[in-house]
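**Q** Using the sequences and the hints given, assemble the complete structure.
Protein chains in written order, with the numbering used here: chain A, 1 to 446; chain B, 1 to 123.
Mixed in with the good hints there might be a few duds.
[To be verified] Below, simulated SDA-like cross-link-like pairs (lysine to any residue); rule was C-alpha separation at most 25 Å, straight line:
#	chain 1	residue 1	chain 2	residue 2
1	A	Lys281	B	Ala83
2	A	Lys281	A	Ile21
3	B	Lys55	A	Arg312
4	B	Lys55	A	Val122
[Claimed, not checked] Coverage of chain A stretches by chain B, computed from C-beta distances (three or more under 8 Å per stretch; other residues unrestricted):
#	stretch
5	10-23
6	120-127
Hints listed in this document are in silico derivations from the structure and should not be mistaken for laboratory results. All C-beta atoms in this analysis are idealised placements derived from N, C-alpha and C, irrespective of residue type, glycine included.
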Amino acid sequence: MNMTVFVWLVCAPVAVLQCVINCNETKFKKNLAVGVTFPLKGRADPEVQRLLQGFRRAQIVLCLGMLALAALCAVLLGEGTMLLALCLWVDLLMAAQFVVYARYNGRLKAVKRERGWTVPAVRAASVSVPAAPVKRPSVWWFIAAAAVAAVPAALDRELWYAYLLEAVMALGCWAGSKYLYRNRAETVDENDAVTAALTRVRRRAWDRVWVLCAWMMAAVSIGIWLSTALPAGGGAMVWLTVVLALAVCAAAIALELRVRRVQEKLTASSGEGFYVDEDDKWLWGQVYYDPDDSRTIVNARTGVNSTVNLARPGGKAVAVLTLALLFVALPLLGVYVDMMSAAPLPLKIEDGALVAANYGTRYEMPLDEIADAELLDALPAITARVWGVGMDSLLKGTFQTQWGRATLCLDPRTGPWLKVTMDDGRLYLLGGGDAGAESVLAQIKQ
Amino acid sequence: MLLKLDFGSDQPIYMQIRNQIVLGIAGGALAAGDRLPTIRALAEECGINMMTASKAYQLLRQEGYITTDRRLGAVVAERTEPAGPSRETVEGLRLRLGELRLAGLDVDAALRLCRELYEEGEG
Chain A
1 MNMTVFVWLV
11 CAPVAVLQCV
21 INCNETKFKK
31 NLAVGVTFPL
41 KGRADPEVQR
51 LLQGFRRAQI
61 VLCLGMLALA
71 ALCAVLLGEG
81 TMLLALCLWV
91 DLLMAAQFVV
101 YARYNGRLKA
111 VKRERGWTVP
121 AVRAASVSVP
131 AAPVKRPSVW
141 WFIAAAAVAA
151 VPAALDRELW
161 YAYLLEAVMA
171 LGCWAGSKYL
181 YRNRAETVDE
191 NDAVTAALTR
201 VRRRAWDRVW
211 VLCAWMMAAV
221 SIGIWLSTAL
231 PAGGGAMVWL
241 TVVLALAVCA
251 AAIALELRVR
261 RVQEKLTASS
271 GEGFYVDEDD
281 KWLWGQVYYD
291 PDDSRTIVNA
301 RTGVNSTVNL
311 ARPGGKAVAV
321 LTLALLFVAL
331 PLLGVYVDMM
341 SAAPLPLKIE
351 DGALVAANYG
361 TRYEMPLDEI
371 ADAELLDALP
381 AITARVWGVG
391 MDSLLKGTFQ
401 TQWGRATLCL
411 DPRTGPWLKV
421 TMDDGRLYLL
431 GGGDAGAESV
441 LAQIKQ
Chain B
1 MLLKLDFGSD
11 QPIYMQIRNQ
21 IVLGIAGGAL
31 AAGDRLPTIR
41 ALAEECGINM
51 MTASKAYQLL
61 RQEGYITTDR
71 RLGAVVAERT
81 EPAGPSRETV
91 EGLRLRLGEL
101 RLAGLDVDAA
111 LRLCRELYEE
121 GEG
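**A** Here it is as structure tokens:
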């Protein structure tokens, strides 16, 4: 399958996930729908129902539009511009869904105001629930994941640091579950039993997230090892990555939807008498801004997620960093990869060394350490990428080949290529296209 | 029991916490021996400064409504012999009764209102 089509096929379902999660926002949970708090009687209001239906429709239209755009990109754009187009597509998806959400949130708030359902803003906090004990996951879950992640270090000494890094990250998940754990009650109304149940559900969900992350690290470690150990490791790695990503996405979405379903059931009859209404603190229903709140990290209104208080300096920093990452760094990364794949791969002799360079990467092989050099008309079978860039027009980094592990910096589409063996046995495959492999080989022979 | 904090109110937050816990004890929502959150947990739960939470607990402890323990945290105190209302409480009541008189309530209406509120507080 064409690499571009494959990548789009793997990434485009994000639009569907976004649509599913947003459509779920129209089901009342914790008295909220599309980020607006309603009393119990407001849930059946015809105007509210009409707007919620409109929101669902808008989400489906947005999803189909984004899928159509992804299909166009997959068919029309080449591999060189793929990453840039993908980054821009993700940015467009997020911006569009934000605008649609904000628009319907504003309309629902207007209906709420018209009906006189706005209640005075008070912050409600339970004093009896935070002390309620919750059974925490055993540390052995994390130790076992770390041990599994570390096993390949004994089998593949060359990449031991990568496997140990995964093991350390698995243990980091335990630290996260212990110290980044949000010990806050989920208060909806004056019913302590509901508050306690909602809080327990959320805490348990967070614990599962951390255990899931730890085992994902273990799976990544095993995947790296398989990619280098198996004969067709490269293909195995690609498929393992896809399967792992899909499994993690499926588990995360299932957990999120499950928590939302429980929240929906537990608060089905809430919204009478006193109930928490923080709509004024949530701009466009999505961004928390409360200067009176000393917390930087707060619970998301529904589901299991957390978000930041934009009125706090820490919250502002996180928001700026996230926006910069999504809307500046991501497109710039696309531009960078685009330019890298289009950049030439010249070979030359400089200061007594053979130099292969490509856009920020430079390999130098001292001539007096070269044991052998020869021209290749065909490349050996490349079974796996260990580290580096693997594109149709560029292979750069460390790869597993039929001749063993090699450092590549070449255009695989057209030869001839230069095979360089160093005194210590290191193998380089370089050039391709008009890199000048023949003339460089002549200079090396001289 | 739920604390409802109004950040737009003129009443300081620590006083709002103190008053609601006192009402919770009087109304039976909090019984003697019930554990309250630690100062850190209360501050985290309410989204307030630790100093504010500490001030509320300090006041409650001075007035004998709670006891604090390094290991258990804050606990609702056992009410022993009723000591009668404090001077501040009597002065506060005098002021409120004056306000009721100015609001046009005669003595019967004022006492009826007091009875209703007292019974409401008993849960």
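**Q** Holds or violated: are the alpha carbons of lysine 281 of chain A and alanine 83 of chain B at most 25 Å from each other?
**A** violated (44 Å)
**Q** Is the coverage entry for the stretch 10-23 of chain A by chain B consistent with the three-residue Cβ rule at 8 Å?
**A** violated (count 0)
**Q** Has the given pair, lysine 55 of chain B with valine 122 of chain A, been kept, meaning a C-alpha gap of at most 25 Å?
**A** holds (20 Å)
**Q** So if I understand the rule, the pair passes when the alpha-carbon distance is 25 Å or less; does lysine 281 of chain A with isoleucine 21 of chain A pass?
**A** holds (22 Å)
**Q** Tell me if the straight-line CA distance from lysine 55 of chain B to arginine 312 of chain A falls inside 25 Å.
**A** Within the cut-off at roughly 23 Å; holds.
**Q** Quick check: the stretch 120-127 of chain A, covered by chain B? Criterion 3+ residues, Cβ under 8 Å.
**A** holds (count 8)
Checked against the numbered hints listed earlier, the structure breaks hints 1, 5; every other hint is satisfied.
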